[in-house]
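Take the sequences, apply the hints, and build the full model.
Line by line, the protein sequences are chains A and B.
Going left to right, the first sequence walks through residues 1 to 228 as my numbering numbers them.
Going left to right, the second sequence walks through residues 1 to 287 as my numbering numbers them.
These aren't lab readings, by the way, just hints derived from the structure by calculation.
Hints should not be assumed to be uniformly reliable.
Keeping only pairs whose Cα atoms sit at most 25 Å apart, straight-line, the calculated SDA-like set for lysine to any residue is [what the hints assert, rightly or not]:
no.	chain 1	residue 1	chain 2	residue 2
1	B	Lys154	B	Val187
2	B	Lys237	A	Ala193
3	B	Lys71	A	Gly92
4	B	Lys241	A	Leu79
5	B	Lys127	B	Glu106
6	B	Lys63	A	Ala193
7	B	Lys98	A	Pro90
8	B	Lys71	A	Tyr3
9	B	Lys55	A	Gly95
Far from chain B, some chain A residues (derived; all Cβ distances over 10 Å) [unchecked claim]:
no.	residue
10	Leu14
11	Gly18
12	Leu50
13	Phe56
14	Tyr87
15	Arg88
16	Gly92
17	Phe98
18	Ala139
19	Lys182
20	Lys198
Ideal Cβ placement from N, Cα and C applies to all residues, glycine included.
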Amino acid sequence: MEYLLDGFLKAIQLLIYGDEETFSAVIATLELSAYAMAASLSIGIPLGFLLGYFDFRGKKQVRLVVDTLLAIPTVFIGLVVYSFLSYRGPLGHWGLLFTIPGVAIGQTLLALPIVIALTAMAVETMDSQLRVTLMSLGADRRQLFISTLREVRYGILTAAMTAFGRVLTEVGISMMVGGNIKWHTRTITSAIALETNKGMFAMGMALGFVLITIAFLVNISVSFFRKR
Amino acid sequence: MNFFKAFAVTVCVAACCLLYFSVSADAADEKVLMMATTTSTDSTGLLQYLAPKFKEVSGFELKWTAVGTGKALEYGKNCDVDVVLVHAPKAEKEYIEKGYGLNRREIMYNDFVLIGPAADTAGVKGKNVADALKAVSQQKAVFVSRGDDSGTHKKEIEIWKAVGLAVPDKESWYVQTGQGMIPTIAVAAERNGYTLTDRATYIKYESDAGGNPPLKILVEGDPTLLNQYSVIAVNPKNCPKVKYEAAMKFSDWIASAEVQQLISAEVQQLIKDFKILGKQLFTPNAK
Chain A
1 MEYLLDGFLK
11 AIQLLIYGDE
21 ETFSAVIATL
31 ELSAYAMAAS
41 LSIGIPLGFL
51 LGYFDFRGKK
61 QVRLVVDTLL
71 AIPTVFIGLV
81 VYSFLSYRGP
91 LGHWGLLFTI
101 PGVAIGQTLL
111 ALPIVIALTA
121 MAVETMDSQL
131 RVTLMSLGAD
141 RRQLFISTLR
151 EVRYGILTAA
161 MTAFGRVLTE
171 VGISMMVGGN
181 IKWHTRTITS
191 AIALETNKGM
201 FAMGMALGFV
211 LITIAFLVNI
221 SVSFFRKR
Chain B
1 MNFFKAFAVT
11 VCVAACCLLY
21 FSVSADAADE
31 KVLMMATTTS
41 TDSTGLLQYL
51 APKFKEVSGF
61 ELKWTAVGTG
71 KALEYGKNCD
81 VDVVLVHAPK
91 AEKEYIEKGY
101 GLNRREIMYN
111 DFVLIGPAAD
121 TAGVKGKNVA
131 DALKAVSQQK
141 AVFVSRGDDS
151 GTHKKEIEIW
161 KAVGLAVPDK
171 ESWYVQTGQG
181 MIPTIAVAAE
191 RNGYTLTDRA
201 TYIKYESDAG
211 GNPPLKILVE
221 GDPTLLNQYS
231 VIAVNPKNCP
241 KVKYEAAMKF
251 SDWIASAEVQ
261 QLISAEVQQL
271 IKDFKILGKQ
281 LFTPNAK
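The structure is reproduced here in structure tokens:
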């Protein structure tokens, strides 16, 4: 129990006095989740929308695959991305192993199924009522499409926040692809794993609180979107 | 449509950041020596102590990823690092024979110790390793193993074999954590069990526990318990893009070559000076 209190006090200390190591990990974490979110949202939202909006042959099977990918373990993604980015792997000459962009690729793969599945679900669940109403009001196909897009914006926001939560807290990909290199690819979560390995449980707890603080601040800024 | 505009702006800004950082990262990447090493050199703080000093001498920034010896060697085999610093002599020699590494150089050692509860339920204190392990298995006392193919785990298996006992893989008293040394010691402490650890990590654990931990050193000083650390450069024949010269510079620097005896003497002193609780963690022994 004392770890919890020690950790909490230490977290405040780290944040107020601007501990250099902690801030380097905070920046790496934010940078990573920014890339991963930008990539997964710009690819995932259109795909998810298409999947939810249009009916096509094999739609159920595609949904099944996407839903299954929701359960993909992060360590496994880490291994797969490692085997591609390793010098011996097909993309080895890109030199992305042990770098932030390399980890971001893995985290994008992690976030993508979440964004696609939740966007598709948001489109599907609101569709039936609205479509009938709009069509009876004489909307053409373009107007119908745009109204649907407007109506699902909060569903998409939820998808983004869920994916963000997963990306922010994952440790398997950061460890395997990033290598937990100090000042470079050490994220908050891989730092927690390291401190725990070193037996510094209070420090691990402190970093955990720092991570929760970041999530809290991000959610506050998102609620600013919602109010509009 | 405000929502979408704001959203699009956010995405664009993030994309620009990506471009900026990937460009700047490339520029800064040139004078870096990438090392894969074992957890003990990192979690004891040794590398953190040595890295800035190496940069002063060579201009190379030492970047390291601290993993088990097995994974570190695998990274070297796949050309993902330039140099490895590990402690599993048998595996290392095989590694060199297969052409994955060059110039294995022994640089320092510490030793393994068998630790267990102060009450010593299996009565191993003062025995040699062979008798101690026999006593543990006869009494079915809890024995906690790393179980992760690390240098320490390899050593433990080697010892079981050396004393003529089968590795008790499936026995209920044999607990395999699959984790690092400190978490493994923590499990042993919770279960009142025995475990094999390198002395450096034990000293760290002892100091974290305020100098009076529940587990004590029971067996030490047996010649089979020597823990040798070596530097191996990744073979440029196997990996054309590897920074072999920088790796050798590091190897020369941390060990000792005749050309660089002055610097090396200093490093040997540095390694010696690096202590926790006033106890010596590693003993330099480069030839």
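Consistency of the hints with the structure:
Under the criterion of a C-alpha separation no larger than 25 Å, the hint pairing Lys154(B) with Val187(B) is consistent with the structure, at around 19 Å. Distance check on the hinted pair: Lys237(B) and Ala193(A) sit about 35 Å apart at the alpha-carbon level, beyond 25 Å; violated. The hinted pair formed by Lys71(B) and Gly92(A) meets the criterion: a straight-line CA distance of about 18 Å does not exceed 25 Å. Between Lys241(B) and Leu79(A) the CA atoms are separated by roughly 22 Å; this keeps the pair inside 25 Å, and the hint holds.
With a C-alpha separation of about 29 Å, the suggested pair Lys127(B) and Glu106(B) falls outside the 25 Å cut-off, and the hint is violated. Restraint check for Lys63(B) and Ala193(A): satisfied, since their Cα atoms lie roughly 18 Å apart, inside the 25 Å limit. Pair hint Lys98(B) plus Pro90(A) holds up; C-alpha atoms about 23 Å apart against a cutoff of 25 Å. For the hint linking Lys71(B) to Tyr3(A), the alpha-carbon distance of about 31 Å lies beyond 25 Å, and the restraint is violated.
For the proposed pair Lys55(B) and Gly95(A), the alpha carbon gap of about 22 Å is at most 25 Å, so the pair holds. Interface exclusion of Leu14(A) from chain B stands, the closest Cβ pair being 18 Å apart, more than 10 Å. Every Cβ of chain B is farther than 10 Å from the Cβ of Gly18(A); the closest lies at roughly 20 Å, confirming the non-interface assignment. The claim that Leu50(A) is not at the interface with chain B holds, since no C-beta of that chain comes within 10 Å of its own (minimum 17 Å).
At the 10 Å boundary, the C-beta of Phe56(A) stays outside the reach of chain B, the nearest C-beta of that chain being 25 Å off. Distance to chain B contradicts Tyr87(A) as a non-interface residue, since its nearest Cβ pair spans about 4 Å, not more than 10 Å. The claim that Arg88(A) lies off the interface is violated: its Cβ sits roughly 5 Å from the closest Cβ of chain B, which falls inside the 10 Å cut-off. Consistency note on Gly92(A): stated as away from chain B, yet its beta-carbon is not over 10 Å from all of that chain's, at 7 Å minimum.
The non-interface label for Phe98(A) is inconsistent with chain B: the shortest C-beta to C-beta separation is roughly 7 Å, within 10 Å. For Ala139(A), the non-interface assignment is confirmed: its Cβ lies about 17 Å from the closest Cβ of chain B, beyond the 10 Å cut-off. Non-interface status of Lys182(A) relative to chain B is broken: a Cβ of that chain comes within 10 Å, the nearest being about 8 Å off. Its closest Cβ contact with chain B, about 4 Å, brings Lys198(A) to no more than 10 Å, contrary to its assignment away from the interface.
Hint check: violations occur at hints 2, 5, 8, 14, 15, 16, 17, 19 and 20; the rest are consistent with the structure.
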